[in-house]
Structure formats: C-alpha cells, structure tokens
Amino acid sequence: QQQVKQSPQSLIVQKGGISIINCAYENTAFDYFPWYQQFPGKGPALLIAIRPDVSEKKEGRFTISFNKSAKQFSLHIMDSQPGDSATYFCAASIPPGTASKLTFGTGTRLQVTL
Amino acid sequence: ETGVTQSPTHLIKTRGQQVTLRCSSQSGHNTVSWYQQALGQGPQFIFQYYREEENGRGNFPPRFSGLQFPNYSSELNVNALELDDSALYLCASSLSTNSPLHFGNGTRLTVT
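These protein sequences, in sequence, are chains A and B.
According to the working numbering, numbering within the first sequence proceeds without interruption in unit steps and concludes at 424.
According to the working numbering, numbering within the second sequence proceeds without interruption in unit steps and concludes at 117.
Hints in this document: simulated from the structure, not taken from any laboratory.
Model, not experiment: these values are computed from the prediction.
Virtual Cβ for every residue (Gly too), placed ideally from N, Cα, C.
It cannot be assumed that every hint is accurate.
Stated by the list, open to error - Estimated spans, in silico, between C-beta atoms of each pair:
#	chain 1	residue 1	chain 2	residue 2	range
1	B	8	A	371	21 to 29 Å
2	B	12	A	421	25 to 33 Å
3	B	89	A	379	18 to 26 Å
4	B	8	A	318	45 to 53 Å
5	B	43	A	338	45 to 53 Å
6	B	45	A	370	41 to 49 Å
7	A	379	B	62	28 to 36 Å
8	B	85	A	349	20 to 28 Å
9	A	369	B	58	28 to 36 Å
10	B	59	A	366	33 to 41 Å
As the list claims (entries may be wrong) - Selected chain A positions facing chain B (Cβ under 8 Å, derived; list incomplete):
#	residue
11	344
12	347
13	356
14	384
15	414
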C-alpha cells in the first residue's frame, strides 16, 4: 500500500511538445504529492508539489493534475526543451513529517529532442 | 548559501566491511533524511534525524544506523556490507520535519 507506480519508464518528446508522466497510488492516507527532477550525477531537486485539496497546480511550464477519486496524479511539461531532459520522479507521503519522508516512484527518463 | 554537501563522492568497499558516509546540511536546516537509490530506481527512505534524535525509519535493517551532530550535520553508518548495498546514498536536509527536501549529490557506494 506504500507503493507509488509511475509510467512510462522512458519518454521521448520533440522540442516544443508536451511531456506527460503519470503516477498512481493505493494508500488514501497520502496527503502530499511532489515531483522531483534529477540530472545525471546530481541529487533530485523539487519541481512542484500538490496536496489533495486541489485538482491542479501550475508553476511556469510545469503543471500537476490530481485526480483524488482515481488515485492518480500526473506531471505535464509544456513547451518541452532539451534542458528538460532528465529523470523525473513522483513521490507521496503520509503525515506527520509529510514533506520529508517520501515514497518515490521508479522514475521516468525524459529525452527532449531538437 | 551553501547547499547540502556529501562526502566522499565515491567509495568502494568489500563485502562484510563497514562504511561511514557524511553529510553537511544546508544552513538553517535542522532535519536530515537519508535515502538509498539503487541503479534505475527511485530513492528509498532510510531514516530521518531531527535535533540529534532519530525521527522515523524506513524498511532497512539495524545494520544501517545514523547520527546527527549539534551543528545538524549527519553520518550514515552501514555495518556488514552486502553486495545489494551498492547504491547511491542521498542525504537531504530540510528546514523542519515537514518542509521540502533539499538533496545533496550523493555518495556512490560500490560493494565488491
């Protein structure tokens, strides 16, 4: 019940296109859903996060869509750029210590081509 | 502002040995969390330290232990190393136990 399932495993998108990564969870106690971006040789960095009281959150070109009834959430990257090429991880956590004790998905390797 | 720094960056150990990994937290952060990231996988929560006390632990055996010091830096110790312990070990600090994580670049441990 602690798992977060992420898909696809890898994704190739043309420059300017929309990248979409999906995650699903079972544990309804999860109340914090962040997305992290990781470049090779670096640690993950927080991109954007959402709590289940909202259905969408947008920050620049990055949007999280959240469907509480389906227990799914997704990351949309608009106008994808070659610099967005990285591995993306969804994560979730339950209180207390919500933002710091995370269960991560298995990652999606995004490649944005010219 | 200095971010999270980890040392060493790479380490090779033999099965059965012990290893200590070190982490300096970001300035002003009192909480340190450790994660293990196997190749091609997402990070897995090992444990968290808050004000020098363990504040939660993931599904890792007792041979994984840690310390947090008064300056909020931290150590991860692993005894009786196994081949499956080969992974990237990530340290992350946060302003509090309920604040977002700021990760270091990790220590790559190889057990032969």
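Results for each hint:
{"no.": "1", "hint": "8/B x 371/A: 21 to 29 Å", "verdict": "24 Å, holds"}
{"no.": "2", "hint": "12/B x 421/A: 25 to 33 Å", "verdict": "31 Å, holds"}
{"no.": "3", "hint": "89/B x 379/A: 18 to 26 Å", "verdict": "38 Å, violated"}
{"no.": "4", "hint": "8/B x 318/A: 45 to 53 Å", "verdict": "31 Å, violated"}
{"no.": "5", "hint": "43/B x 338/A: 45 to 53 Å", "verdict": "28 Å, violated"}
{"no.": "6", "hint": "45/B x 370/A: 41 to 49 Å", "verdict": "28 Å, violated"}
{"no.": "7", "hint": "379/A x 62/B: 28 to 36 Å", "verdict": "32 Å, holds"}
{"no.": "8", "hint": "85/B x 349/A: 20 to 28 Å", "verdict": "33 Å, violated"}
{"no.": "9", "hint": "369/A x 58/B: 28 to 36 Å", "verdict": "34 Å, holds"}
{"no.": "10", "hint": "59/B x 366/A: 33 to 41 Å", "verdict": "37 Å, holds"}
{"no.": "11", "hint": "344", "verdict": "7 Å, holds"}
{"no.": "12", "hint": "347", "verdict": "11 Å, violated"}
{"no.": "13", "hint": "356", "verdict": "5 Å, holds"}
{"no.": "14", "hint": "384", "verdict": "16 Å, violated"}
{"no.": "15", "hint": "414", "verdict": "3 Å, holds"}
In this structure, the hints that do not hold are numbers 3, 4, 5, 6, 8, 12, 14, in rising order.
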